[in-house]
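4 protein chains.
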Amino acid sequence: MGKPVCVIVGIGPKNGRAFAERFAQEGYSVALLSRSTDYSSGLAAEIGGRAYACDVTDPSAIKQAFALIRDELGEVDVLLYNAGSGKFGTFDDVSDDDFERGWQINVRGLLQSTREVVGSMREKGSGAIIVTGATASLRGKPFTAAFASAKAGQRSLAQSFARQLGPEGIHVALVIVDGGIGTDEQSSDEGARLRPSDIAHTVYHLVTQPKSAWSFEVDVRPFKEDW
Amino acid sequence: MGKPVCVIVGIGPKNGRAFAERFAQEGYSVALLSRSTDYSSGLAAEIGGRAYACDVTDPSAIKQAFALIRDELGEVDVLLYNAGSGKFGTFDDVSDDDFERGWQINVRGLLQSTREVVGSMREKGSGAIIVTGATASLRGKPFTAAFASAKAGQRSLAQSFARQLGPEGIHVALVIVDGGIGTDEQSSDEGARLRPSDIAHTVYHLVTQPKSAWSFEVDVRPFKEDW
Amino acid sequence: MGKPVCVIVGIGPKNGRAFAERFAQEGYSVALLSRSTDYSSGLAAEIGGRAYACDVTDPSAIKQAFALIRDELGEVDVLLYNAGSGKFGTFDDVSDDDFERGWQINVRGLLQSTREVVGSMREKGSGAIIVTGATASLRGKPFTAAFASAKAGQRSLAQSFARQLGPEGIHVALVIVDGGIGTDEQSSDEGARLRPSDIAHTVYHLVTQPKSAWSFEVDVRPFKEDW
Amino acid sequence: MGKPVCVIVGIGPKNGRAFAERFAQEGYSVALLSRSTDYSSGLAAEIGGRAYACDVTDPSAIKQAFALIRDELGEVDVLLYNAGSGKFGTFDDVSDDDFERGWQINVRGLLQSTREVVGSMREKGSGAIIVTGATASLRGKPFTAAFASAKAGQRSLAQSFARQLGPEGIHVALVIVDGGIGTDEQSSDEGARLRPSDIAHTVYHLVTQPKSAWSFEVDVRPFKEDW
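Residue numbers (this note's numbering), protein chains in the order written: chain A, 1 to 227; chain B, 1 to 227; chain C, 1 to 227; chain D, 1 to 227.
Just so you know, these hints were derived from the structure itself, not from any lab.
Misleading hints may appear alongside valid ones.
No distinction is drawn between identical chains; accordingly, a pair holds when it is met within one copy or between any pair of copies.
As the list claims (entries may be wrong) - Distance condition first, Cα-Cα at most 30 Å in a straight line; then the derived DSSO-like pairs of lysine-lysine:
#, residue 1, residue 2
1, Lys141, Lys87
2, Lys141, Lys3
3, Lys3, Lys87
4, Lys3, Lys124
5, Lys211, Lys224
6, Lys87, Lys224
7, Lys224, Lys141
8, Lys87, Lys63
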């Protein structure tokens, strides 16, 4: 194939699309993973990538999707773990099942996706795994009981990965998105929300960092954010 | 009964025993929850408490144990969530099932135990939920991939609880045990490990804090610890 | 004298008074240091302590006050560093001199006071130094440009002290007061502000912690605080 | 002049040189500030920049240097605050004067340099101020009593700046250099130390971030670092 391979787990019209467009532009062969391909198949066609259906709460679906990717595109060079949906509400409002799904999507899905890509990265002694975090990765508020708990577990896991895999030549990093995400076309509320392609600017930067100066945790927020 | 009720989830010869002894001394009716009652039944006899078998990875077992406690001892005033075992090792060494168990014990178990006690605490507008954390609550290292991820999720959940339940009069706090835990009888390595009864000193203090000045997060470590 | 000696640097009608009353009750001989003795002399008379004039921005004044204390009361067992005034405002509003005073009061004053008490604490292999911190110890906001910068420097210095002096048997801790401080008599706004005597409850607890389980950083806030 | 102006405070053969080279390459007119111009004058000649003598512990020297820069190069677009020397040692070994110098260099110097550039940045509604931090910005160890205290104060001040100036269109960020800094030519210890030009890669990235997604704090460390 020649082209390096970038897998993006979690595709929607905001971050997922922006990451896909950016890595395609930068010469990557891009695989888009999402529960359904309703949205992602059109995006894949636009950018010359491939869409895969994969429910990250299902371990066997993750195994199958990555097997297919390796078969069709080759070994993975960059994994962008962008799956991060969560149920908002206090613990009174959120069911135990929702807590479990949050953990599956944010923590176990990252674990299993990493297991799928780390073998070939180790063989090459290179690779990058970039995780999309949130303000909730750093603190739990009443209305983020389930989401923040999952995001905090994800951040810790990414830290364990970074500390273990860094010396093996694999760069693991976490981007803390600290603010509401808007659209690339926003205008009336300039500076109040993050533009997805601007987040992609920093995600791509992380992949280009020389290995003597790798970042683990990088925050991004709109310039007008009150933080 | 008259006596206030303290439930301790997670009983062993170190923290569990020390917390049980201290709260019994302070006049609490103490319920000891652990997977098996092999150890806890003897301790219960010593301190005049009651031992309950409860595997916190089993949601129905939690429900049953707390129902029995309410029935036998009355509504719970203090919950000490001390269940915290975890499988150590890098993500290469720890199975997906071990990760899941870690999450069940540290996060879901805390969630479900809190659901069991929070109703009556809300009615009274008082109560305390104290969680035993660890250094791993704050950071993920290669050998704590599963344990730290679970502990970080637990810390975030405890924060969400504290922020929500504080204004309702319920005190939620986290004790970060930053060091190896020894025994109360240790002598040769004085200052290198924490004595469980000394941890209990701070746990009990948290329960006595007046509500205008509640702590959420308190670290404890041996004076000789290199941190 | 027989009595252990507690020096409180920074005396006013809130924390300073509450700490003085509590340590006097607990059997300490209490020395009160403040810029002027207008307020502290009356308090000293009430609690059977002694008031000393000491402007902590003046290094020689610190030297003289502690020399007098050693002479009149004996070597110091507990130092409560409670001096923490600061000029609020953005960096546009606060002068360079105000920044410098903030550093002198919060950082250099703690350094110099510690130098004065650490000699005898080392000889005895025991002692406690408790520093009053604030939310601003943890983060800088626009209106706390000078105050937070000084408080962050103070927290870091206290950490260096704790890590160095802990193994020598001297307990250094920081109390993060996260909220507005009210009065002990408040009633209409119960739970919105910290009562000084409730903060003193935790400060005194820190001094009683057994050395196998010492805390470094403890937050306190009103139960109704939105944090 | 046409070219944007970048001022680098703190010039040596490592970071200072690397930042100067990078910003010169990117088309900036570069001003180099350091206590003496012994080293910086040669570097200035190499890159087509200008060297200015400026002892940042002397407030009037800062005023004069920036006045000269404005006169000779024009208003400042980017300020890289890289002055960060510090005296290492425990508080027993470091004098009060060394503590004060640490504060002057790391905190007051940043404050005064910011005052010099912020006027024109506000007029344009754009500009960047990037501060070089260190591991010590985040924690105080016994041997960094003076240095860490100054760096923590600096980090807090940078945070206050970022929160205040962000909404005005001025990007303030802090790079936490978490490891030993080597040279660009290092080879035998690949991955053990940071290469200055690799740090410059991330510093320059920060200046290019679109304003809907600005970072405040970014860590960089060698891939083999044990952290």
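Results of checking the hints against the structure:
Taking the shortest Cα distances, Lys141 and Lys87 sit within 30 Å of each other both inside one copy (13 Å) and across copies (28 Å). For a Cα distance limit of 30 Å, the shortest separation of Lys141 from Lys3 qualifies neither inside one copy, at 43 Å, nor across copies, at 33 Å. Neither within a single protomer nor between protomers do Lys3 and Lys87 lie at most 30 Å apart by alpha-carbon distance, with minima of 37 Å and 39 Å respectively. Taking CA atoms no more than 30 Å apart as the test, Lys3 paired with Lys124 passes inside one copy only; the shortest distance there is 15 Å, against 42 Å between copies.
Taking the shortest alpha-carbon separations for Lys211 and Lys224, only the inter-copy value of 9 Å comes in at or below 30 Å, while the best intra-copy value is 32 Å. Taking CA atoms no more than 30 Å apart as the test, Lys87 paired with Lys224 passes in both settings, with 27 Å inside one copy and 26 Å between copies. In this assembly of identical chains, Lys224 and Lys141 lie within 30 Å of each other by CA distance both inside one copy and across copies; the values are 22 Å within and 14 Å between. In this assembly of identical chains, the alpha carbons of Lys87 and Lys63 lie at most 30 Å apart whether taken from the same copy (25 Å) or from different copies (24 Å).
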